[in-house]
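Visitor: Sequence:
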Amino acid sequence: MLRPGIESFCICGMQDYRKLRVWRKAHELALAVRRTANRLPRTGYASLRKQITTSAESIPFNIVEGCGASSPKELGRFLDISIKSTMELEYQLKLALDYGVLDEAEGKALSGEVVDTRRMLCGLRAKVLASA
Numbered sequence: 474m475l476r477p478g479i480e481s482f483c484i485c486g487m488q489d490y491r492k493l494r495v496w497r498k499a500h501e502l503a504l505a506v507r508r509t510a511n512r513l514p515r516t517g518y519a520s521l522r523k524q525i526t527t528s529a530e531s532i533p534f535n536i537v538e539g540c541g542a543s544s545p546k547e548l549g550r551f552l553d554i555s556i557k558s559t560m561e562l563e564y565q566l567k568l569a570l571d572y573g574v575l576d577e578a579e580g581k582a583l584s585g586e587v588v589d590t591r592r593m594l595c596g597l598r599a600k601v602l603a604s605a
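Take the sequence shown: its position 24, counted from the start at 1, is 497 in my numbering, and no numbers get skipped.
Check before you lean on any hint, since a few could be wrong.
[As the list claims (entries may be wrong)] Here are the simulated distance ranges between beta carbons: (1) Ser-544 <-> Lys-581: 14 to 22 Å; (2) Val-574 <-> Ser-543: 38 to 46 Å; (3) Arg-592 <-> Arg-508: 36 to 44 Å; (4) Ser-520 <-> Arg-491: 20 to 28 Å; (5) Tyr-564 <-> Ala-599: 34 to 42 Å; (6) Ser-544 <-> Arg-512: 20 to 28 Å; (7) Ala-505 <-> Gly-573: 14 to 22 Å.
[As the list claims (entries may be wrong)] 20 Å max Cα-Cα, derived EDC-like pairs, lysine to aspartate or glutamate: (8) Lys-581 <-> Asp-571; (9) Lys-498 <-> Glu-563; (10) Lys-498 <-> Asp-571; (11) Lys-600 <-> Asp-589; (12) Lys-546 <-> Asp-589; (13) Lys-600 <-> Glu-501; (14) Lys-557 <-> Asp-589; (15) Lys-557 <-> Glu-547; (16) Lys-600 <-> Glu-547; (17) Lys-581 <-> Glu-501.
In case anyone wonders, no lab produced these hints; they're calculated from the structure. Just so you know, these numbers come straight off a predicted model, no measurement behind them. Every residue, glycine too, gets a C-beta built ideally from N, C-alpha and C.
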């Protein structure tokens, strides 16, 4: 059985991702990153634009997939993948800043959101794995 605060989103052994604040934050982050990536130059930065959106979308994708897991340990594994995607996204945003193709204020704001999302994911992963 999952610990208090985690069982509140369990449905028949599966977790309802829509009840997770971290999923909502990751979803909003993915939308914001997509809007930002669409403004990157088309020429010369197509792979960076694709990677940025892929990493951003991977965060909520893995939260959702993990919520279908059959055990807390398996959910923890998907949360770990989401955490790794935040690391990748944070670096990709830095790279876009260093290339000069991303507005500094926007890049720093997005990076801050990435870090906040990662903190939330780490907290949830710790709670989930403690219940395993």
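Visitor: Now, for every hint given, state plainly whether the structure supports it.
Guide: Right, here's what the structure says about each hint:
A C-beta distance of roughly 38 Å is found between Ser-544 and Lys-581, which places it outside the suggested range of 14 to 22 Å. At about 43 Å, the CB distance of Val-574 to Ser-543 agrees with the hint of 38 to 46 Å. For Arg-592 and Arg-508, the Cβ-Cβ distance of about 23 Å falls outside the hinted range of 36 to 44 Å, so the restraint is violated. The given range of 20 to 28 Å is broken by Ser-520 and Arg-491, whose C-beta atoms sit roughly 32 Å from each other.
Distance hint check for Tyr-564 and Ala-599: the Cβ-Cβ separation is about 23 Å, which falls outside the suggested range of 34 to 42 Å. Take Ser-544 and Arg-512: their Cβ atoms lie about 41 Å apart, and the range 20 to 28 Å is violated. The beta-carbon spacing between Ala-505 and Gly-573, approximately 20 Å, falls within the hinted interval of 14 to 22 Å. For a cut-off of 20 Å, the pair hint linking Lys-581 to Asp-571 stands: about 12 Å separates their Cα positions.
With a CA separation close to 15 Å, the supplied pair Lys-498 and Glu-563 stays within the 20 Å bound. Restraint check: the Cα-Cα separation between Lys-498 and Asp-571 comes to about 26 Å, which exceeds 20 Å; the hinted pair is violated. Between Lys-600 and Asp-589 the CA atoms are separated by roughly 17 Å; this keeps the pair inside 20 Å, and the hint holds. A C-alpha spacing of about 23 Å is found between Lys-546 and Asp-589, which places the hinted pair above 20 Å, so the restraint is violated.
A distance of roughly 23 Å separates the Cα atoms of Lys-600 and Glu-501; the hinted pair therefore is violated under the 20 Å criterion. At roughly 14 Å between alpha-carbon atoms, Lys-557 and Asp-589 fall within 20 Å of each other, so this suggested pair holds. Taking the CA atoms of Lys-557 and Glu-547, the gap is near 16 Å; set against the 20 Å cutoff, the hint holds. At most 20 Å may separate the alpha-carbon atoms for a hinted pair to count; Lys-600 and Glu-547 meet this at roughly 13 Å.
For the suggested pair Lys-581 and Glu-501, the alpha carbons sit about 16 Å apart, so the restraint of at most 20 Å is met.
In summary, the numbered hints that this structure violates are 1, 3, 4, 5, 6, 10, 12 and 13.
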